[in-house]
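Student: Turn these sequences into a full structure, and let the hints guide you.
There are 6 protein chains.
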Amino acid sequence: MVYLTRVEHFNAAHKLYNPAWDEARNEEVFGKCANQNWHGHNYELYVTVKGDPDPDTGFVFDVKRLSTLIREQVVEKLDHRNLNMDVDFMQGKMCSTENLAIAIWKELQPALPASVQLHCIKLYETPRIYVEYFGE
Amino acid sequence: MVYLTRVEHFNAAHKLYNPAWDEARNEEVFGKCANQNWHGHNYELYVTVKGDPDPDTGFVFDVKRLSTLIREQVVEKLDHRNLNMDVDFMQGKMCSTENLAIAIWKELQPALPASVQLHCIKLYETPRIYVEYFGE
Amino acid sequence: MVYLTRVEHFNAAHKLYNPAWDEARNEEVFGKCANQNWHGHNYELYVTVKGDPDPDTGFVFDVKRLSTLIREQVVEKLDHRNLNMDVDFMQGKMCSTENLAIAIWKELQPALPASVQLHCIKLYETPRIYVEYFGE
Amino acid sequence: MVYLTRVEHFNAAHKLYNPAWDEARNEEVFGKCANQNWHGHNYELYVTVKGDPDPDTGFVFDVKRLSTLIREQVVEKLDHRNLNMDVDFMQGKMCSTENLAIAIWKELQPALPASVQLHCIKLYETPRIYVEYFGE
Amino acid sequence: MVYLTRVEHFNAAHKLYNPAWDEARNEEVFGKCANQNWHGHNYELYVTVKGDPDPDTGFVFDVKRLSTLIREQVVEKLDHRNLNMDVDFMQGKMCSTENLAIAIWKELQPALPASVQLHCIKLYETPRIYVEYFGE
Amino acid sequence: MVYLTRVEHFNAAHKLYNPAWDEARNEEVFGKCANQNWHGHNYELYVTVKGDPDPDTGFVFDVKRLSTLIREQVVEKLDHRNLNMDVDFMQGKMCSTENLAIAIWKELQPALPASVQLHCIKLYETPRIYVEYFGE
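Chains as they are written, first to last, in this note's numbering: chain A, 1 to 136; chain B, 1 to 136; chain C, 1 to 136; chain D, 1 to 136; chain E, 1 to 136; chain F, 1 to 136.
Calculated from the structure, these hints are not laboratory results.
Bear in mind the structure is a predicted one, so any value in this text is a computation, not a measurement.
All C-beta atoms in this analysis are idealised placements derived from N, C-alpha and C, irrespective of residue type, glycine included.
Don't take every hint at face value.
[Unchecked claim] Here are the simulated DSS-like pairs of lysine-lysine, each with C-alpha atoms no more than 30 angstroms apart in a straight line:
1) E:Lys64 - B:Lys122
2) C:Lys122 - A:Lys32
3) F:Lys64 - E:Lys122
4) B:Lys50 - E:Lys50
5) B:Lys122 - F:Lys106
6) E:Lys50 - F:Lys64
7) D:Lys106 - D:Lys50
8) F:Lys64 - D:Lys77
9) A:Lys32 - C:Lys64
10) C:Lys77 - A:Lys32
11) D:Lys32 - E:Lys32
12) F:Lys50 - C:Lys32
13) D:Lys50 - C:Lys93
14) D:Lys122 - A:Lys64
15) F:Lys64 - D:Lys64
16) D:Lys50 - C:Lys32
17) F:Lys64 - B:Lys64
18) A:Lys50 - D:Lys32
19) A:Lys122 - C:Lys50
[Said to hold, decoys possible] Simulated DEER-style distance windows between Cβ atoms:
20) F:Trp21 - C:Pro55: 20 to 30 angstroms
21) A:Met1 - C:Gln117: 18 to 28 angstroms
22) C:Asn18 - D:Asp88: 48 to 58 angstroms
23) D:Gly135 - E:Glu76: 35 to 45 angstroms
24) D:Gln91 - C:Ala111: 46 to 56 angstroms
25) A:Pro113 - E:Glu72: 26 to 36 angstroms
26) E:Glu23 - F:Arg65: 17 to 27 angstroms
27) F:Lys64 - B:Lys64: 31 to 41 angstroms
28) C:Asn18 - A:Met1: 39 to 49 angstroms
29) A:Pro113 - C:Ala114: 40 to 50 angstroms
30) B:Glu76 - D:Pro127: 46 to 56 angstroms
31) C:Gln117 - B:Asp54: 42 to 52 angstroms
[Said to hold, decoys possible] Which stretches of chain A does chain C cover? Using the computed rule of at least three CB atoms under 8 angstroms from a CB of chain C, they are:
32) 99-106
33) 124-133
Tutor: What follows is the structure, given as structure tokens:
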């Protein structure tokens, strides 16, 4: 079993704002992240799959195909977007990095072939903050 | 003469959109960067000052004081903001990285003491795109 | 279950020196790290906690609160210090990166709320050397 | 139990080419990586060992000795080499990053003393592609 | 005047070998870099142009167009290639990073529009070795 | 004219403390950097030389020879040392990064052959603070 990771990049606007709360409560809990006019990030997305290397190629999975899948399934829907407004699979959810990582897993997992398993979605929001989700 | 650089960080939303143009022209010129609902970045800001080291301290400039000045003069106005909507010194300007670097120079330069000269504003928009402005 | 990591920074002096040994034995085992007059490092500290995202915030844990906790519990005691001389929780211990990571876990773990579990302390001593401790 | 990681570097030429296939099939599967005249990479090799810190030293393992072992057992055989042509332990194998990581494990594992266990070989082929192998 | 930099990536095989010398002399001068069977690198290419921001766009130059130009003029000819064998503009030259940077300047400069000037080609051969060429 | 840069690493202890001042003044000016028991850093040292590539080698300067010179002339005197106590060429000077960069220039410049000129000493004290010295 070998683990293969591909790193992709997107940038997006978002805010952390719970519509069930008033503005004061949102500012208290989310601070500057609740700014009504949005802020944004350069996200770095690490996708790790695992499997046995194919004897003919030496590959767990063709990394170019993995890159294409990540771009088609998630990056094109997220890059240069507003996470709260523009992304169908984030509707009705808090746009935290935690929830975004879980949603990326759910978008990507069904698109992978049976020969590999999705192992981890790791998502950097800033160079000093990241989350990891292992599907459970 | 020694050059001293301090790196600071902020993240912000913006869009590239010329209000004198219609939407089609904006999309043609700015592509995804013209998304009406904004996108955003983690900006890395490098501020370089130059001067002669003080014999008593060995410092061109106290780097903690430089950090405080950068934060007070520019980062607090930019961090977790919408560059187009929230930042007084970007009003009426295209929010390109080029124009943002020039504007940061103009905000910061008058706040520095006479003992040092501002040498360069270097601003990363993404890890693969940056601009530099030397004041002329 | 989502894993959330916050990266903090401190720099410190230390030496690797076993007082039960003579100088020759210390030099033999620790080489340049045994220099009596100390050396030092920029340490990068990765703290990972795990838990379920709160439905109201989307957070496993408020990352600003995590940052504050790490700074109060450990970084303020370590930053710009001598690990052998100035740090109460390293007294009587060899100041290896391994022992420092274990000690940071012990300082930080009781300060975290019951809603999250401490998962990993990862500590870079140099860009090419790091240790990880998972609490067992 | 503490995990200690040492990062080493080597650069090498290789190609991905299955001699059982004709050129068209190789190009179809491996694309530019099948270029007959080779291409190459700067590889970053992360070797992680685990064990209990020695009470006398605070070390899981002397990191300088670990570095020496990695260099002697694997880096000297790989650095500035052609992976397909020059490396005895890659003969008859596809030179994928996956297979290279497994082969490095097999070269390094027997050379480690009983006091530590090899935990992970992590190998970056480019800054955006890496594999991990845990020995099973 | 603002300086705009775009970073691109390619990887390639090469060797340092002067055909006017015998093998012993090549090994003496170039060491492991003279390995007959090639070695290789992940190159990071920084292209800096300078000019005045356009009032309508805020751009010195459209960075996506700059990226496309770099890829078309140089990266496609270098990526996954053998610098000595496959690259027309390196024929008859020593494939040092110095000569490669000068050659990239010569390929790219005529392709840029009159509105910007090429300022610098910066080329990393490894994370610890890079060259810069300013056209003179 | 091509500029060639080699990056080297050392770590060291130091403090910022002016012996002509009392402790209160030192703490006021230098803050935590005045800690009597020292602190330390991982320094990254960038040495840039410039010259014309040699037609026979394509080199401005043999980068392995440059690395050896840097190590012999400066890194061996600085690595795992106390800058204030152990380094002959820092005696009687404030151990600021500015003064350290100037001193490194003075140590290294006479050791270089006439075929290249020393262009810049760039020295990172932390990942967010660096200085540059160009010899004038």
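Student: Mind listing which of the numbered hints don't hold for this structure, in increasing order?
Tutor: Hint check: 6, 12, 17, 20, 22 and 30 fail, others pass.
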